[in-house]
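J.: Chains as they are written, first to last, in the numbering used here: chain A, 1 to 322; chain B, 1 to 322.
Read the hints as simulated data drawn from the structure, not as lab findings. Hints should not be assumed to be uniformly reliable.
Where chains are identical, the list cannot tell them apart; a pair therefore holds if satisfied intra-copy or between any two copies.
Subject to a maximum C-alpha distance of 20 angstroms in a straight line, what follows is the list of computed EDC-like cross-link-like pairs (lysine to aspartate or glutamate) [to be verified]: (1) 283 <-> 249; (2) 166 <-> 180; (3) 103 <-> 70; (4) 157 <-> 230; (5) 82 <-> 101; (6) 108 <-> 70; (7) 166 <-> 249; (8) 257 <-> 311; (9) 281 <-> 139; (10) 122 <-> 67; (11) 292 <-> 47; (12) 103 <-> 71; (13) 108 <-> 67; (14) 82 <-> 130; (15) 108 <-> 241; (16) 292 <-> 46; (17) 108 <-> 71; (18) 321 <-> 182; (19) 321 <-> 288; (20) 320 <-> 235; (21) 103 <-> 74; (22) 205 <-> 241; (23) 292 <-> 238; (24) 120 <-> 46; (25) 103 <-> 67; (26) 214 <-> 27; (27) 209 <-> 151; (28) 108 <-> 130; (29) 108 <-> 74.
Protein chains: 2
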Amino acid sequence: MKKVVVIGGGTGSSVVLTGLKNSSNIDLTSLAVVTDSGGSTGRLRDEFGFLPVGDLRQCLMALADGDTQDDIRDLLLYRFTKGNGLQGHNLGNIILTALEDIKDSPGKAMEAASKIFRVKGKVFPITEVDAHLMITYEDGQQLIGEHFLDDHSKGGKKITNLQLSKPAPLYKNAKKAILEADTIVVGPGDLYGSLLPHSLVKNFKQTFKKSTAKFVYVVNLMTHFSQTHDLTAQDHVDLIEKYFGKYPDVIIINSGKIPPTLLKTYQDQKEFPVIDDLEKKAKIIRSDMISKVVAQQNNNDKIKRSLLRHDSEKLANILKKI
Amino acid sequence: MKKVVVIGGGTGSSVVLTGLKNSSNIDLTSLAVVTDSGGSTGRLRDEFGFLPVGDLRQCLMALADGDTQDDIRDLLLYRFTKGNGLQGHNLGNIILTALEDIKDSPGKAMEAASKIFRVKGKVFPITEVDAHLMITYEDGQQLIGEHFLDDHSKGGKKITNLQLSKPAPLYKNAKKAILEADTIVVGPGDLYGSLLPHSLVKNFKQTFKKSTAKFVYVVNLMTHFSQTHDLTAQDHVDLIEKYFGKYPDVIIINSGKIPPTLLKTYQDQKEFPVIDDLEKKAKIIRSDMISKVVAQQNNNDKIKRSLLRHDSEKLANILKKI
Numbered sequence: 001m002k003k004v005v006v007i008g009g010g011t012g013s014s015v016v017l018t019g020l021k022n023s024s025n026i027d028l029t030s031l032a033v034v035t036d037s038g039g040s041t042g043r044l045r046d047e048f049g050f051l052p053v054g055d056l057r058q059c060l061m062a063l064a065d066g067d068t069q070d071d072i073r074d075l076l077l078y079r080f081t082k083g084n085g086l087q088g089h090n091l092g093n094i095i096l097t098a099l100e101d102i103k104d105s106p107g108k109a110m111e112a113a114s115k116i117f118r119v120k121g122k123v124f125p126i127t128e129v130d131a132h133l134m135i136t137y138e139d140g141q142q143l144i145g146e147h148f149l150d151d152h153s154k155g156g157k158k159i160t161n162l163q164l165s166k167p168a169p170l171y172k173n174a175k176k177a178i179l180e181a182d183t184i185v186v187g188p189g190d191l192y193g194s195l196l197p198h199s200l201v202k203n204f205k206q207t208f209k210k211s212t213a214k215f216v217y218v219v220n221l222m223t224h225f226s227q228t229h230d231l232t233a234q235d236h237v238d239l240i241e242k243y244f245g246k247y248p249d250v251i252i253i254n255s256g257k258i259p260p261t262l263l264k265t266y267q268d269q270k271e272f273p274v275i276d277d278l279e280k281k282a283k284i285i286r287s288d289m290i291s292k293v294v295a296q297q298n299n300n301d302k303i304k305r306s307l308l309r310h311d312s313e314k315l316a317n318i319l320k321k322i
Numbered sequence: 001m002k003k004v005v006v007i008g009g010g011t012g013s014s015v016v017l018t019g020l021k022n023s024s025n026i027d028l029t030s031l032a033v034v035t036d037s038g039g040s041t042g043r044l045r046d047e048f049g050f051l052p053v054g055d056l057r058q059c060l061m062a063l064a065d066g067d068t069q070d071d072i073r074d075l076l077l078y079r080f081t082k083g084n085g086l087q088g089h090n091l092g093n094i095i096l097t098a099l100e101d102i103k104d105s106p107g108k109a110m111e112a113a114s115k116i117f118r119v120k121g122k123v124f125p126i127t128e129v130d131a132h133l134m135i136t137y138e139d140g141q142q143l144i145g146e147h148f149l150d151d152h153s154k155g156g157k158k159i160t161n162l163q164l165s166k167p168a169p170l171y172k173n174a175k176k177a178i179l180e181a182d183t184i185v186v187g188p189g190d191l192y193g194s195l196l197p198h199s200l201v202k203n204f205k206q207t208f209k210k211s212t213a214k215f216v217y218v219v220n221l222m223t224h225f226s227q228t229h230d231l232t233a234q235d236h237v238d239l240i241e242k243y244f245g246k247y248p249d250v251i252i253i254n255s256g257k258i259p260p261t262l263l264k265t266y267q268d269q270k271e272f273p274v275i276d277d278l279e280k281k282a283k284i285i286r287s288d289m290i291s292k293v294v295a296q297q298n299n300n301d302k303i304k305r306s307l308l309r310h311d312s313e314k315l316a317n318i319l320k321k322i
């Protein structure tokens, strides 16, 4: 039984978790960021003062298992299209917010949710502290709130620093998972929104340094105008090294062709395929990992989601071989 | 394996279901009314136009089973104390409302919920049609909406008629359960709010007549000022006979002493113990069934709930002997 820890949150982690969860010899733990501040999650965070749950929910959904997994996924994914105050809210977010209140601890809430929804593996927040992301841009502007990372009007500017609005210690079960891991997979996912924030948590870097796990980094398919505009693959890796304090042992990067129609849609948003200029400083795996299924934008969801995804199965097959 | 069908909804049915669910030789089905119109359920009903779920949720909670039953109960019982639009809402109601939308059928929503939350037994709405209760009082006033049955200002007046606001056919799985039952337990529960409405559903009476099940009626402990003011036990039974079209085979009535402090609280609301004047027209079981645990009123819940309950175990022991 190999212990695999997936570091990220959101859709990128879902892809990895979905692909790996059915392997009988893999014990999966997903660590998710808790700094999101937009959409349904942001509203709940503002109104309740609890840790935001959007990324945790996505990991939970990905790990749903057994004969009710489709119903559980539908339930956690459901978004209200009407109802005073409910409209636009995601039911999974509402459920996890209630569990945080019931259990009086985000970590325990996730343990309860994992049991109730019978997920295969574990899902933990990287910290139990409700901190915001502080983003500094090259022009000196500083903004607080993860939602600015999805704000197209802030796009094109280089981000020069990322920190947390207050000290947030590493959640004890997350620490344990990192120390016991055989493999740690970072990415795919929003570099500034889902990956780097983990490294800002107090004691994360020391713990990550102590870990003897193989460190795998999965490079994103596309740049993100308001986060990683103009960054090449090597730029991504260098930032990962800078924040995580370690150079990856293995880097996985797509070499498949992105469908031209999708490229056009991305181009309109000033987003482009990440250029592979990787230096030979680690083991590099180049493979076609483009998903044939184009993700649908949910009309009730005001946040733009990526249309192009890594293929769960293709990525999992590569990871299993490592 | 004896097939037992519990007809009611709400707290009364919960007591019966909780007591019986651990019997290995009982196959339980709970049929619940879907006419509630007050509180969280009423708000959701108004905003979504789906079948109200409050009574179904209570039955589901009572049947939660396995090592996560406490967490599942906490989850379904949770009431939001803050949040724009969420405040006052019950999470279980929100979840079931979403499932109604996902499954496009209240019956299928309950089947999914039963699987997701691993309940022991089945829970069905008595009808899938969203009808309201029409209540006629002795002074000729007619009001539409189950919430009037909890309205103290409408108390003391005799209810002379109860009907549904539109034709509502018996749900097919409810019909099947009634026809296959060995025992049907009606009550305890609000006579006009939870028990008699079942009989108003189209084809219920014919189906109930065809059933060869032993018909057990559990008399309430107390009168309800806005529903059953001044009614004796025999009055309750006569109404059950009038609406259900059959005289019960077995009547269970409390003979235990109600704690004086609780009696005082009820008296202040003009509510009194139901007087046992039962005629010997059926098998009558008199026994102490007072619960030693006094139910707590949830401060976030605007609807007054009964403080005094039947004891689950005591009632179950009697039912098991039948």
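J.: Output the indices of the hints that this structure fails to meet, ascending.
T.: Of the numbered hints, 2, 7, 9, 11, 15, 16, 20, 23, 24, 27 do not hold.
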